[in-house]
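Participant: I would like the entire structure built from these sequences, with the hints used as guidance.
2 protein chains.
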Amino acid sequence: MSDTRLLAIDWGTSSARVYELDARGVVVRERRAALGIQRITDGRFADALATLCGDALSQAVPVLACGMIGSRQGWVEAPYCDCPAGIDAIAGALTAVPGTALLIAPGLMVRDAAGVADVMRGEETQILGALPDRPVDQSLYVLPGTHSKWAIAGAEGILTFTTFMTGELYAVLRDHSILGRLAVAGVDNGAFDRGVRMSLREQAALTHDLFSARTLPLTSELASEGVGDYLSGLLVGAEISAARAWAAGNSAAAAGVTLVGEAALCERYRRALTIAGVETVQGSPVAAARGLWRIAQHAGMLPS
Amino acid sequence: MSDTRLLAIDWGTSSARVYELDARGVVVRERRAALGIQRITDGRFADALATLCGDALSQAVPVLACGMIGSRQGWVEAPYCDCPAGIDAIAGALTAVPGTALLIAPGLMVRDAAGVADVMRGEETQILGALPDRPVDQSLYVLPGTHSKWAIAGAEGILTFTTFMTGELYAVLRDHSILGRLAVAGVDNGAFDRGVRMSLREQAALTHDLFSARTLPLTSELASEGVGDYLSGLLVGAEISAARAWAAGNSAAAAGVTLVGEAALCERYRRALTIAGVETVQGSPVAAARGLWRIAQHAGMLPS
Chain A
1 MSDTRLLAID WGTSSARVYE LDARGVVVRE RRAALGIQRI TDGRFADALA
51 TLCGDALSQA VPVLACGMIG SRQGWVEAPY CDCPAGIDAI AGALTAVPGT
101 ALLIAPGLMV RDAAGVADVM RGEETQILGA LPDRPVDQSL YVLPGTHSKW
151 AIAGAEGILT FTTFMTGELY AVLRDHSILG RLAVAGVDNG AFDRGVRMSL
201 REQAALTHDL FSARTLPLTS ELASEGVGDY LSGLLVGAEI SAARAWAAGN
251 SAAAAGVTLV GEAALCERYR RALTIAGVET VQGSPVAAAR GLWRIAQHAG
301 MLPS
Chain B
1001 MSDTRLLAID WGTSSARVYE LDARGVVVRE RRAALGIQRI TDGRFADALA
1051 TLCGDALSQA VPVLACGMIG SRQGWVEAPY CDCPAGIDAI AGALTAVPGT
1101 ALLIAPGLMV RDAAGVADVM RGEETQILGA LPDRPVDQSL YVLPGTHSKW
1151 AIAGAEGILT FTTFMTGELY AVLRDHSILG RLAVAGVDNG AFDRGVRMSL
1201 REQAALTHDL FSARTLPLTS ELASEGVGDY LSGLLVGAEI SAARAWAAGN
1251 SAAAAGVTLV GEAALCERYR RALTIAGVET VQGSPVAAAR GLWRIAQHAG
1301 MLPS
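In order, the protein sequences belong to chains A and B.
Per the numbering used here, residue 1 is the first one in the first sequence, and the count goes up by one each step.
Per the numbering used here, residue 1001 is the first one in the second sequence, and the count goes up by one each step.
Keep in mind the hints are simulated off the structure, nothing from the lab.
Keep in mind that a hint or two might mislead.
[Stated by the list, open to error] With beta-carbon atoms standing in for the labels, derived distance ranges:
#1 Ala-1113/B / Ala-171/A: 38 to 46 Å
#2 Arg-44/A / Gly-1115/B: 53 to 61 Å
#3 Pro-1084/B / Ala-185/A: 52 to 60 Å
#4 Gly-92/A / Ala-1223/B: 32 to 40 Å
[To be verified] If you want the footprint, here are the derived chain B segments under chain A, 3+ residues with CB under 8 Å:
#5 1194 to 1206
#6 1242 to 1248
C-beta atoms are modelled at their ideal positions from N, C-alpha and C, and glycine is treated no differently.
Facilitator: Set out below in structure tokens:
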């Protein structure tokens, strides 16, 4: 008999990651597949689920997913929970996929200071997984990515969050703008740091400062091999600067943050945050699995 | 005999505009061709010049060009003049193209508050052309475009300027980002105004606010037909907000500006500037021709 007690799936836009957890909530098997919702054609989600889970699916083990699989473009739409949201609220709002054992965790929605909605799908589960067993205070969680998220979370769950389009801006500028055309492949941490510092200064103005990724190589003050990292630094620096103002507006101290996500990207943010004087802690590399385990516990999906 | 006394060419990246001016400096003929420097292959600039000028070239009329034709990627590089730059400095720095009657006006370079170079090529000539005959005070000139320029200019010429990558950011986000994928073709001035207001508020943070072009349609608070104009408004608003801070840092009153450029784009900026409480005047539609005429006069290229 298998030792798997929960099949947990972090099911995103481009890929899916499947975790099998044992009775103690420990990940005993993990695999990744290029079966993100954008790559599934003709609504063949059931086939994708079978491929992702393999034999485990036939063992009457509960299956819980988070991420874009619950979006309007996914399999079945799981409505957003409003923030602040504790784990009980999230566990109480799972959406079942008819004809399968699969349950989908909801995303979260919050209104920013301008009254505009902000959303996340999947990151809420990673934050729940990154929380300590007994959180004492509210603290800051940073999830770098295409759409970077900053969240304030603690004992009561997730209080609020905000999104920055840093990764997407980098990708479109790198691949499609005049700045990208100037860039030559290369790694230049010094150029990254310089971009971060540029965006952290008080008079920083991103749509102007981006042009410096064109003029610095023109005047031979930046090597073409550094343009990509300099551009990345400008964007990450602008994110940190705006996120600090956001944290202050939400009465959160921004002296330290927990980074959650892919190791290389978190390391890049750690560099930038250090320049900004912000201490960082690296969160669990299996935060999504841990978050799904906690949600499943609270939803009564696991034998107690 | 032809009445043409100067062939003036505004020779940019994607297109070129040729003006024939008579003895009074009035444009008597004007044509446009898709012969920008990016479209000229194998260095066939001489052929392009012949095509652009036609018969006029054989009449021993002086020929003066401005714009990217003088860049490193152009025909012959015309070094940048440092700002502040009066018309005499610009007229004294023309670069001759060997074997032709063509002279190329220099671009301008300035250092921003962070010590980083900013550059323009072609806009300096439009600004000189947009200046009144006897400028009294320094005032603000705005040239919207792929790389929008704001300049402070007056009797002594061009004091300083700054670049915003507004047009390029709009194009890459519209064509290559998730925001563009959400957009449906349409014109929505209300959505544009809303984007402008969003970026003009005190806590605006562009890389966060851009995400509202995704969430507002998601929550049915913005029609898909409005996403493109809303995005444009966010970017133009961010430009105006940053440009105001820049103007204040250069002791320039930003209560009124002269807009120079293509009519539809200037109208869009007029809308946005009106929301920001800034009065606008539309500059000459043939500012480049007028600027080239003035430079030619100061360079002694015209019979006095």
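Participant: All the hints need checking, so say for each whether the structure fits it.
Facilitator: The hints, checked one at a time:
1. Ala-1113/B / Ala-171/A: 38 to 46 Å: violated (29 Å)
2. Arg-44/A / Gly-1115/B: 53 to 61 Å: Distance hint for Arg-44/A, Gly-1115/B holds at roughly 56 Å.
3. Pro-1084/B / Ala-185/A: 52 to 60 Å: Given a distance of about 39 Å, which is not inside 52 to 60 Å, the answer is violated.
4. Gly-92/A / Ala-1223/B: 32 to 40 Å: holds (33 Å)
5. 1194 to 1206: holds (count 5)
6. 1242 to 1248: Answer holds; 3 residues pass the 8 Å Cβ test.
Hints 1, 3 from the list above are not met by this structure, while the remaining hints are.
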